[in-house]
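Protein chains in written order, with this note's numbering: chain A, 1 to 76; chain B, 1 to 76.
Read the hints as simulated data drawn from the structure, not as lab findings.
Treat the hints with caution; some may be incorrect.
The list treats identical chains as interchangeable, and a pair is accepted whether it falls inside one copy or across any two copies.
As the list claims (entries may be wrong) - Simulated pairs of lysine-lysine, DSSO-like, Cα-Cα distance not exceeding 27 Å:
hint, residue 1, residue 2
1, LYS40, LYS10
2, LYS61, LYS2
3, LYS2, LYS40
4, LYS61, LYS40
Number of protein chains: 2
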Amino acid sequence: MKARVHVMLKNGVLDPQGEAVRHALGAMGFDSVEGVRQGKVIDLDLAEGTTKDQVAEMCEKLLANTVIESYEIELG
Amino acid sequence: MKARVHVMLKNGVLDPQGEAVRHALGAMGFDSVEGVRQGKVIDLDLAEGTTKDQVAEMCEKLLANTVIESYEIELG
Numbered sequence: 001m002k003a004r005v006h007v008m009l010k011n012g013v014l015d016p017q018g019e020a021v022r023h024a025l026g027a028m029g030f031d032s033v034e035g036v037r038q039g040k041v042i043d044l045d046l047a048e049g050t051t052k053d054q055v056a057e058m059c060e061k062l063l064a065n066t067v068i069e070s071y072e073i074e075l076g
Numbered sequence: 001m002k003a004r005v006h007v008m009l010k011n012g013v014l015d016p017q018g019e020a021v022r023h024a025l026g027a028m029g030f031d032s033v034e035g036v037r038q039g040k041v042i043d044l045d046l047a048e049g050t051t052k053d054q055v056a057e058m059c060e061k062l063l064a065n066t067v068i069e070s071y072e073i074e075l076g
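Next comes chain A alone, as it looks inside the complex (with noise of 0.2 Å):
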C-alpha cells in the first residue's frame, strides 16, 4: 500500500524558499502568482495493514517539526 504524506510551514511561519519563488515567478513575467509556500510530500511504500496512525507516528517522530509543520497523510 501507498501513503503519501504533505508536510507545510504552519501559517504564519515564514517561508523564504516560497518567498524566493514567488520573487522569481514575478520577475520571469507570471504577474498572476500571488503567494507561494513550499513544503515537501514525502510518498511511503509501505506493507499491507499499516495504520494510519503508525503513519502519523512517523511524522511526529521524523518526517515533520511540529513546532513549526504541519502534516496531512492520504493513505492511497
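Given chain A, put chain B in place with the hints provided.
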C-alpha cells in the same frame, strides 16, 4: 484560486533524501516501510482566471528540473 504542484524525482533517478528517510524510519523500528521517495510540494495563490497551461509553463521554466524531475498540477 489555488494550485498545488508536486515535483518528484523521476523513476530511476536516485533519491538519497528518500533513502535516508527510509533508513531512519527502519532504525526507529518502523519495519513496515518498504520504500520512500521525497519531493517538493508548491502551493500557489493565483489570480482568478490563471490557466493550467500557465502553471505548466511555470513548472517547465522554474519549478521543476524536467531532466530529472516530473511534476503534477492540481487546480483547486
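Hint-by-hint comparison with the structure:
no.	hint	result
1	LYS40 to LYS10	both (13 Å within a copy, 16 Å between copies)
2	LYS61 to LYS2	within (19 Å within a copy, 30 Å between copies)
3	LYS2 to LYS40	both (16 Å within a copy, 17 Å between copies)
4	LYS61 to LYS40	both (16 Å within a copy, 20 Å between copies)
The structure is consistent with each of the numbered hints, conforming to all of them.
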